[in-house]
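> Chain by chain, the residues:
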Amino acid sequence: DAGVTQSPTHLIKTRGQQVTLRCSPKSGHDTVSWYQQALGQGPQFIFQYYEEEERQRGNFPDRFSGHQFPNYSSELNVNALLLGDSALYLCASSFPSGGPQGEQFFGPGTRLTVL
Amino acid sequence: RKEVEQDPGPFNVPEGATVAFNCTYSNSASQSFFWYRQDCRKEPKLLMSVYSSGNEDGRFTAQLNRASQYISLLIRDSKLSDSATYLCVVPRGGSWGKLQFGAGTQVVVTP
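Protein chains in written order, with this note's numbering: chain A, 13 to 127; chain B, 3 to 113.
Careful, some of the hints might be misleading.
Unchecked claim - When the alpha-carbon atoms are kept at most 25 Å apart in a straight line, the in silico DSS-like pairs for lysine-lysine are as follows:
#1 B:LYS47 to B:LYS81
#2 B:LYS44 to B:LYS81
#3 A:LYS38 to B:LYS4
#4 B:LYS47 to B:LYS4
#5 A:LYS38 to B:LYS44
#6 B:LYS44 to A:LYS25
None of these hints come from the bench; they were simulated from the model.
Owing to the predicted nature of the structure, the values given are computational and were not obtained by experimental measurement.
Produce the complete structure using the sequences and hints provided.
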């Protein structure tokens, strides 16, 4: 049973560029959440997708956008990259009924470095 | 005040000893809580859920104090493999609420 997978594992970009990160949820899960984890901090919620729609959003600018596909996989797009966007980006999947009462399964993350 | 606050540590613990640390939360309406464990440069993984006054799983005990709005995690008979960062998590919002993570408490178990 495959867990949550993310690609790529590492990425180096320069300021102003755009990046797309990808996530495949755990088998049977249909809800995907994205988090940003800066060094020494806990993960910060970016947004959550369910049924191909953004259901919840955290305090992130519009430069951060996402998409969910019919097979439940998801993409995170970040435009006009800033140095402060350097972080580990985590994708987590869950059942919709899990919500806050359920477990979220995290992928290994994509480490983004912006130069 | 941050929504979820934790003592960053590190808590240096001799192998076999007991360690405990707290997490305070600001939203008094929160009903469920979680402790996640994160190893260095790895993804967080669920350690324990806390829905009522507490929960116990082997050497790990989580307690909830709603009046004072804090959750504690106690690790008994610490193992070297317990070395990790422990993240306190409080869901926000309604049924589809987001997870609010604390910054984590680092625990280092020494031989």
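> Looking at the structure, which of the earlier hints fail to hold?
Structure breaks hint 3 only.
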